[in-house]
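Produce the complete structure using the sequences and hints provided.
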Amino acid sequence: MNEKLPGYKGEALRILESLGAETGDFIYIEKEGKVYEGTLMPRSELGDDKHIVIKIKSGYNIGVRITSDMKIEKKGSGAKPSFTPPPPPKQRPDLPRVTIISTGGTIASRVDYRTGAVRPAISASDLYSIVPELSDIALIDTEILFSAFSEDLTPKHWTKIAERVAEHIKRGAHGVVITHGTDTMGYTAAALSFALQNLPVPVVLVGAQRSEDRPSSDAAENLIGAVQCAANAPFAEVVVAMHQTISDEAIAIHRGTKVRKLHTSRRDAFKTVNAELFARILDKKIIILADDFNPRRNDRNLILKPRFEEKVALIKFYPGMNPKIIDWHVEEGYRGIILEGTGLGHVRRKCFSSIRKAIENGVIVAMTSQCIWGRVNMNVYANGRDLLSIGVIPLGDMLAETAMVKLMWVLGQTENLEEARDLLTKNIAHEFSSRTVEPVKPPETISV
Amino acid sequence: MKIDYEKLGLKVGLECHQQLDTKEKLFCSCKPELFKGEPKITFLRRLRPTQSELGQIDPAAYFEFKKGVKILYEADPQTSCLVEMDEEPPHDLNREALDITLTAALMMNAKPVDEVHVMRKVVIDGSNTTGFQRTCVVALGGEIQVDGKKIPIEHISLEEDAARKTGEEGFIIRYRIDRLCIPLIEVATAPVIHSPKEAEKVALTIGRILRATGKVKRGLGTIRQDLNISIREGALIEVKGVQELELISKVIELEVQRQLALIQISEELKARGVTENQIRDKIIDVTPIFKDTKCRVLRRAIKKKKHVMAIKLPGFSGLLGRELIPGLRLGTEMADRARFWGRVGGILHTDELPKYGVSKEEMDRLMEILEAEPQDAVVIVADAKENCIDALRAVAERAREAVKGVPEETRAANPDGTTRYMRPRPGAARMYPETDIPPIPITDEHIRRLRKALPELPEHRIRRLIKEYGINKKLALQLQDSEYGDLFEKIVEETAASPTLVAATLTETFKSLKREGIKVEKLRDNQIIKIFKLISTGKTSKEALPEIVKWLSEHESANPMDAVEALGLSMLPKDEVQRIIREIISRNRELVVEKGERAFGFLMGLIMKKYRGKVNAEEVSKMLREEISKISS
Ligand SMILES: [Zn+2]
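Chains as they are written, first to last, in our numbering: chain F, 12 to 459; chain C, 984 to 1616.
Derived by calculation from the structure, the hints in this document are not laboratory data.
All values reported here derive from a predicted model rather than from experimental measurement.
Glycine included, each C-beta is placed from N, C-alpha and C at the ideal position.
Among the hints, erroneous ones may be present.
Each computed DSS-like pair below joins lysine-lysine, with the alpha-carbon atoms no more than 25 Å apart [as the list claims (entries may be wrong)]: (1) C:K994 <-> F:K68; (2) C:K1094 <-> F:K85; (3) F:K68 <-> C:K1223; (4) C:K1592 <-> C:K1613; (5) C:K1094 <-> F:K61; (6) C:K1435 <-> F:K45; (7) C:K1133 <-> F:K42; (8) F:K101 <-> C:K1050; (9) F:K42 <-> C:K1435; (10) F:K45 <-> C:K1132; (11) C:K1053 <-> F:K296; (12) C:K1287 <-> C:K1277; (13) F:K82 <-> C:K1094; (14) F:K282 <-> C:K1023; (15) F:K295 <-> C:K1053; (16) C:K1094 <-> F:K68; (17) F:K68 <-> C:K1104; (18) F:K45 <-> C:K1533; (19) C:K1094 <-> F:K42; (20) C:K1049 <-> F:K101; (21) C:K994 <-> C:K1184; (22) C:K1133 <-> F:K45; (23) C:K1223 <-> C:K1198; (24) C:K1094 <-> F:K86; (25) C:K1050 <-> F:K296; (26) F:K68 <-> C:K1049; (27) C:K1180 <-> C:K1133; (28) C:K1435 <-> C:K1473; (29) C:K1049 <-> F:K295; (30) F:K295 <-> C:K1050; (31) C:K1494 <-> C:K1533; (32) F:K296 <-> C:K1049.
Some chain C residues close to chain F (C-beta under 10 Å, calculated; not the full set) [claimed, not checked]: (33) K1049; (34) K1053; (35) L1065; (36) E1070; (37) P1072; (38) V1105; (39) C1119; (40) Q1128.
This is the structure we're talking about:
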């Protein structure tokens, strides 16, 4: 791929290269008696190699099909964009210090209307100029750690993030915000909840469901909420800050071990599962909704346990599942398996012997439910009781994804199976709740 | 006053927008309809102006944002889904809408683009939940013929309609999103129109072509024209949202008049020696002057702890009250600005004072505190302090523009043809690609297919209707502009009814019935055809037609024969008519004997009065004449 001609391939690329053209250049095309003039634009990844895209005078883009008899010329080079940001607001050293670590999933950006390119804004001054409200909340420091799609992140990235967060906290940050693509933000939140223990300040993950280049994006409101939370919240836990509803109103603060993305596209995709919402920000005020929390402290004595064992699998049971899937993991040297069973925590009897074999081979096998809501209880039906007797560990109301992350973390801490089992079933970061109550009002209810 | 528009250098470009009559919306499967009543879904949003690499930011938009303006959207699950709520990415572009647009483009001889790219046009007044309107150019460079003159068409686009504003309370603006995402065709002409009447004709011609596709919506609110109007010494003014064709020439006439008046004011200000720098943003709190005022508006404001603030406009005395066009003064233009930028209710100025309870003493005191001389004007507003300041700054800005001449603006059309300030003209269109929708290639094969099925061009059809059916030009034009052109041809083909009768019924009769409030549109095509069958076979008379239509509009999908029977409008058999005529004659024998042929009118009147709708007048007349001649000869 030619970086000066993004998206172009095949014939179109060859023609443009022969002209020495790059996006932003002024292009003249004549064919079938018609003239097309405009600025050369990048090509969509989904486009074919038969069209050249230009922005015509009215601002619209059109694709011009390549024909053998067309005349094409480069008429001039495009003006390079020169950006003069509006003067940044005054920084106030008296405000709490917040570090924003970006891992991808840009949360602020500018659009180059000339070429349509969206450029992320990452430096503190960029952030201030795009979201000026931030300068009234905190003194911001930024670090670009990765710029990855969240589905490309691995446990190695969790380790790295945890180490950087710990470093910034030790250096005196009053709170840390991590910008993250939303698809796997729940996993990272759980990972940090176990890796960063005895936290003195809040660690807030934040993302956006609507891309930040559009005026309706939820990115800025979420970021403002996250920074407010990092700067001023009375608690010191790993949380996720996202829209509570589809309105630009309340920002929900979810505990990192209890949060799950439950919608592909809505602003309020993130919900707290099997617990009440932890906190909410409304009209710049943080309202704690949970019964208890780990309070913010002035010391810097956090405990960092950033290791994760990658040989852990999350297996969703389905009717007719072939038990060889479990055998394969054992043969591949997996050390832990989280089963996402049906209902209260079941799999078909045909899988029992494979599970027994796995446990005999020193693999930890634990049970969660694919119902998402509710807790497993393996005493109710015979299949459940039999799985318990084989040695499957029931994991209460823990989310399957959180359970998988936790088992990775547990096996990163110890080789000892006995210790690992104890650690897995011990409540470390509010991943278990002992009682489930009927919510007084549904979390979706808002008043406008 | 006769205005020579050529001489003034009038240039008008039209952008005609019309909703397409598709099954689904442009980017989702919702019904393209509006809802009435209370919204079942509401949500609150803010739109943040996005920064561009070029550092431009729409000043009006940024200002609104900073003031904390929020938008309350109203929706109904029948007409909106997550797509319109900006909670789900758009689905594929509606191919039905694309084909209608391509068809219209081919009818205007425009060249379809090889590949359609959907763009995002940034609009952050709240009318689009996303903060941008999705739009795409479908064809370039067409032309239409208007009175023998070629009018170039610059582009034909397909875009989504915007949400409709339903209210504004303080910092909350309400929009209803049912209209959002309804497909809209946009036809933009080059600015080559040189008179108000010509603009109207161009719009009419474009409208006819669009209607000829048979796939556009009809009725108020489905058509909107934007006009770009300029005269040589004036400025380019964009007037948005003219809903009626008949209003186009009036809007242009009034806009030219307004610009001429503003140019005159500018000359007068210059003659008075007023310069832009003399108009300063010096805003003074004058609340104490009005402590005990009798002016109700000011008293109420002060009671609510609001401020009364004032600004001096040097040399403006007498000009704020000057009428630009009927009902619109320079003062009105300043008030529009004050409302937009300061969100105040309005302004008071010294050209209209003392009045509204403001006393002479208060006014003198005001002039004194502002150090204003008799040739100066003073503008006051009452609101929260910062709103007052924003409002008066906008007033001062408008005053400086008045020295220069006509400010470039986007204005909105009022139903009476006048316009009001909407917002400053946006800079270069801020458009960037809609990456959620892949580009759509338009193949030559597809264009060939559409070209084969192209509807007849309106001017051809009008000529053909006249020639083929022998109807007059007026009826042919009316048929073409009505929605019944196809039905007309079908009726004439399937029944023996006279083409002129059918054409007149479908146009003039239906129009007057509609005016009477009869819901003619409820009748189905096959019902209308049946009515003409009944008439042409003598089962009922043409005089009975309005009654039958009325009855059918109240009895949905009933059989027209039922209407005839229910209304007692079936035709009397011929021998019965004969009997009636003979009876009437025998009762008036003396008269017939005495007057002979001249008794016809009276007798005919008697019969028709009693049997209208049940007899064929021509037949009666013939029979009556025969019977009279038998006696009188
Ligand atoms: Zn929809």
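Original post:
Are C:K1049 and F:K295 close enough, with their CA atoms no more than 25 Å apart?
Top reply: With Cα atoms ~16 Å apart, C:K1049 and F:K295 stay inside 25 Å; holds.
**OP:** Return the status of the interface hint for C:K1049: holds when the least beta-carbon distance to chain F is below 10 Å, violated otherwise.
**Re:** Since chain F brings a Cβ to about 9 Å from C:K1049, closer than 10 Å, the hint holds.
**OP:** Please work out if C:K1287 and C:K1277 have their alpha carbons no farther apart than 25 Å.
**Re:** The given pair, whose Cα atoms are some 16 Å apart, holds under the 25 Å limit.
Original post:
Given C:V1105 as an interface hint, is the shortest Cβ-Cβ distance to chain F below 10 Å?
Top reply: holds (7 Å)
Subject >> Distance restraint between C:K1050 and F:K296, which requires alpha-carbon spacing of 25 Å or less >> reply: Roughly 20 Å between the alpha carbons, so the hint for C:K1050 and F:K296 holds.
Original post:
Given the hinted pair C:K1094 and F:K68, is their alpha-carbon gap at most 25 Å?
Top reply: Roughly 17 Å separates the two Cα atoms, so the pair holds.
Original post:
Hey, F:K68 versus C:K1104, does the alpha-carbon distance stay inside 25 Å?
Top reply: Given that 25 Å is the threshold and the Cα spacing comes to 14 Å, the pair holds.
**OP:** For the pair we were handed, C:K1133 and F:K45, check the Cα-Cα distance against 25 Å.
**Re:** holds (18 Å)
Original post:
Is F:K68 within 25 Å of C:K1049, Cα to Cα?
Top reply: Cα-Cα ~32 Å, so violated.
Original post:
Is C:K1094 within 25 Å of F:K86, Cα to Cα?
Top reply: Between C:K1094 and F:K86 the Cα gap is close to 23 Å, so the pair holds against 25 Å.
Subject >> 25 Å Cα cutoff - pair F:K282, C:K1023 >> reply: holds (23 Å)
Original post:
Taken at face value, is the distance from the CA of F:K101 to the CA of C:K1049 at most 25 Å?
Top reply: holds (17 Å)
Going through the hint list in order, the structure does not satisfy hints 18, 26 and 40.
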